[in-house]
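Colleague: Produce the entire structure from the sequences given, and follow the hints as far as they go.
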Amino acid sequence: MVELKQEPRRLTAYLSGELDHHHAKEIREQIDFAVREQFPPVVVLDFGHVTFMDSSGIGLIMGRARLMEEYGGTLEIHNPSQQIRKVLRISGADRLAVIRSRVAAPPQERKEPEHAYNQ
Amino acid sequence: MHTINELKCTFPARSENESFARTMVCAFAAQLDPTVEELADLRTAVSEAVTNCIVHAYRNTGTGSITVTVRLLPDSVIYVRIADKGCGIADIAQAMTPLYSSAPAEERAGLGFTVMQSFTDRLAVTSKPGRGTAVTMRKKLLHGSEQETGG
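Chain order of the listed sequences is W and P.
Okay, so the first sequence: first residue is 266 according to the working numbering, each after it adds one.
Okay, so the second sequence: first residue is 38 according to the working numbering, each after it adds one.
Since the hints were derived computationally from the structure, they do not count as laboratory data.
As the structure is a prediction and not an experimental result, all values here were calculated from the model.
It is possible that part of the hints are untrue.
[Claimed, not checked] The calculated SDA-like cross-link candidates involving lysine to any residue, where the alpha carbons are at most 25 Å apart (straight line), are:
{"#": "1", "chain 1": "W", "residue 1": "K290", "chain 2": "P", "residue 2": "P141"}
{"#": "2", "chain 1": "P", "residue 1": "K177", "chain 2": "P", "residue 2": "S56"}
{"#": "3", "chain 1": "W", "residue 1": "K351", "chain 2": "P", "residue 2": "A161"}
{"#": "4", "chain 1": "W", "residue 1": "K351", "chain 2": "P", "residue 2": "S113"}
{"#": "5", "chain 1": "P", "residue 1": "K45", "chain 2": "P", "residue 2": "L109"}
{"#": "6", "chain 1": "W", "residue 1": "K351", "chain 2": "P", "residue 2": "D158"}
{"#": "7", "chain 1": "W", "residue 1": "K290", "chain 2": "P", "residue 2": "S52"}
{"#": "8", "chain 1": "W", "residue 1": "K290", "chain 2": "P", "residue 2": "N97"}
{"#": "9", "chain 1": "W", "residue 1": "K351", "chain 2": "P", "residue 2": "M133"}
{"#": "10", "chain 1": "W", "residue 1": "K351", "chain 2": "P", "residue 2": "R159"}
{"#": "11", "chain 1": "W", "residue 1": "K351", "chain 2": "P", "residue 2": "F65"}
{"#": "12", "chain 1": "W", "residue 1": "K351", "chain 2": "P", "residue 2": "C124"}
{"#": "13", "chain 1": "W", "residue 1": "K290", "chain 2": "P", "residue 2": "L109"}
{"#": "14", "chain 1": "W", "residue 1": "K290", "chain 2": "P", "residue 2": "R96"}
{"#": "15", "chain 1": "W", "residue 1": "K351", "chain 2": "P", "residue 2": "Q131"}
{"#": "16", "chain 1": "W", "residue 1": "K290", "chain 2": "P", "residue 2": "F65"}
{"#": "17", "chain 1": "W", "residue 1": "K290", "chain 2": "P", "residue 2": "S139"}
{"#": "18", "chain 1": "W", "residue 1": "K351", "chain 2": "P", "residue 2": "S102"}
[Claimed, not checked] If you anchor each label on the Cβ, the simulated ranges turn out as follows:
{"#": "19", "chain 1": "P", "residue 1": "C46", "chain 2": "W", "residue 2": "G337", "range": "42 to 52 Å"}
{"#": "20", "chain 1": "W", "residue 1": "M266", "chain 2": "P", "residue 2": "L44", "range": "28 to 38 Å"}
{"#": "21", "chain 1": "W", "residue 1": "E268", "chain 2": "P", "residue 2": "R96", "range": "28 to 38 Å"}
{"#": "22", "chain 1": "P", "residue 1": "F57", "chain 2": "W", "residue 2": "R350", "range": "23 to 33 Å"}
{"#": "23", "chain 1": "W", "residue 1": "G282", "chain 2": "P", "residue 2": "A127", "range": "34 to 44 Å"}
{"#": "24", "chain 1": "P", "residue 1": "K165", "chain 2": "W", "residue 2": "R275", "range": "45 to 55 Å"}
{"#": "25", "chain 1": "W", "residue 1": "G282", "chain 2": "P", "residue 2": "R168", "range": "33 to 43 Å"}
[Said to hold, decoys possible] Listed below are several chain P residues computed to face chain W (Cβ distance under 10 Å; list not exhaustive):
{"#": "26", "residue": "R59"}
{"#": "27", "residue": "D70"}
{"#": "28", "residue": "E74"}
{"#": "29", "residue": "P135"}
{"#": "30", "residue": "R145"}
Even glycine gets a Cβ: it sits at the ideal position worked out from N, Cα and C.
Modeller: Given below as structure tokens:
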């Protein structure tokens, strides 16, 4: 559901599976625990392996954006699918975070770094 | 409008059934050979409606039941009705206001109805406080081939 990678100035949450109300709570708790441990300047939510997202995912993004606003961090959304982009657009959540596509894939799939680039 | 095909299913308002409900509706709609995007829209809209029943109608208690009715209507229209017997909505207009949520502590974005409206062609909400709520949505699924020929 969520795999966390902690670096000195950055926390990346690689999300996977279906991001609905049923799964959002646990993901939220895990991310927030890690954020409060180090208050990283950049928090990345990587949606590369999320197969479905409804407005529960928007709640997750809005909540993290608020948390980061408290200490002045930046939230980034990486690799959203077409379906997720559509939900982001409708909600206006695309204004709360920096959205990047085709960023280096999650650890288990990182094979061809030459294809990874930032939008 | 007469019904060509119909599926009706009642299940407990448990959050693990959110996935089941949206998958069931999409499996039914598959007989129309929808596009990937149409199916994703329907899946998302159903997920919002069912989540509302669980979070709001039954206040996350895991009790109560949700009844989903899916119908295939003429002209490739899918009709979905999602009904609960929960607390009901006193002010439907307020509930449908984008970003309004009666459960902000849950980190609900307040966008459920906005998503349902955006991803379907028609949305109707009927509710009686103390009796329950029913959401009906209609979406015309244009087959890939019809879209190409402008039909």
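Colleague: Look at each hint and say if it fits the structure.
Modeller: Consistency of the hints with the structure:
Straight-line distance between C-alpha atoms of W/K290 and P/P141 comes to about 13 Å, which keeps the hinted pair within the 25 Å bound. With a CA separation close to 22 Å, the supplied pair P/K177 and P/S56 stays within the 25 Å bound. With a C-alpha separation of about 22 Å, the suggested pairing of W/K351 with P/A161 holds against the 25 Å cut-off. Restraint check for W/K351 and P/S113: the C-alpha separation of about 23 Å stays at or below 25 Å, so the hint holds.
Pair hint P/K45 plus P/L109 holds up; C-alpha atoms about 12 Å apart against a cutoff of 25 Å. Only pairs whose Cα atoms come within 25 Å are accepted, and W/K351 paired with P/D158 is accepted, the gap being roughly 16 Å. In summary, the hint linking W/K290 to P/S52 is supported, as the alpha carbons are separated by about 11 Å, within the 25 Å threshold. Straight-line distance between C-alpha atoms of W/K290 and P/N97 comes to about 13 Å, which keeps the hinted pair within the 25 Å bound.
For the proposed pair W/K351 and P/M133, the alpha carbon gap of about 19 Å is at most 25 Å, so the pair holds. A threshold of 25 Å between alpha carbons decides the hint, and for W/K351 with P/R159 the separation of about 18 Å falls inside it, so the pair holds. This hinted pair checks out: W/K351 and P/F65 have alpha carbons roughly 23 Å apart, not beyond 25 Å. This hinted pair does not check out: W/K351 and P/C124 have alpha carbons roughly 31 Å apart, beyond 25 Å.
As the CA atoms of W/K290 and P/L109 are separated by approximately 35 Å, the hinted pair breaks the 25 Å bound. Taking the CA atoms of W/K290 and P/R96, the gap is about 15 Å. The hint holds against a cut of 25 Å. Distance check on the hinted pair: W/K351 and P/Q131 sit about 24 Å apart at the alpha-carbon level, within 25 Å; holds. Restraint check: the Cα-Cα separation between W/K290 and P/F65 comes to about 29 Å, which exceeds 25 Å; the hinted pair is violated.
Between W/K290 and P/S139 the CA atoms are separated by roughly 17 Å; this keeps the pair inside 25 Å, and the hint holds. About 30 Å separates the Cα atoms of W/K351 and P/S102, which puts this hinted pair outside 25 Å; it is violated. For the pair P/C46 and W/G337, the beta carbons lie near 48 Å from each other, so the given range of 42 to 52 Å is met. Checked against the given bound of 28 to 38 Å, the beta carbons of W/M266 and P/L44, roughly 30 Å apart, stay inside it.
Take W/E268 and P/R96: their Cβ atoms lie about 32 Å apart, and the range 28 to 38 Å holds. P/F57 and W/R350 have their C-beta atoms about 25 Å apart, which keeps the hinted 23 to 33 Å range intact. Separation of W/G282 from P/A127 is about 36 Å and conforms to the stated range, judged on CB atoms against 34 to 44 Å. Here the CB-CB span from P/K165 to W/R275 is close to 50 Å, well matched to the stated 45 to 55 Å.
For the pair W/G282 and P/R168, the supplied restraint of 33 to 43 Å holds, since their beta-carbon distance comes to about 36 Å. Annotation: interface hint on P/R59 holds; nearest CB of chain W at approximately 8 Å, less than 10 Å. Violation of the interface hint for P/D70 is found here, the shortest Cβ-Cβ separation to chain W being roughly 19 Å, above the 10 Å cut-off. Satisfaction of the interface hint for P/E74 is found here, the shortest Cβ-Cβ separation to chain W being roughly 7 Å, below the 10 Å cut-off.
Interface hint at P/P135: satisfied, since its Cβ lies 8 Å from the closest Cβ of chain W, which is below the 10 Å cut-off. Proximity of P/R145 to chain W holds as hinted, the smallest CB-CB distance being about 5 Å (cut-off 10 Å).
The structure is inconsistent with the numbered hints 12, 13, 16, 18, 27, although it conforms to all the rest.
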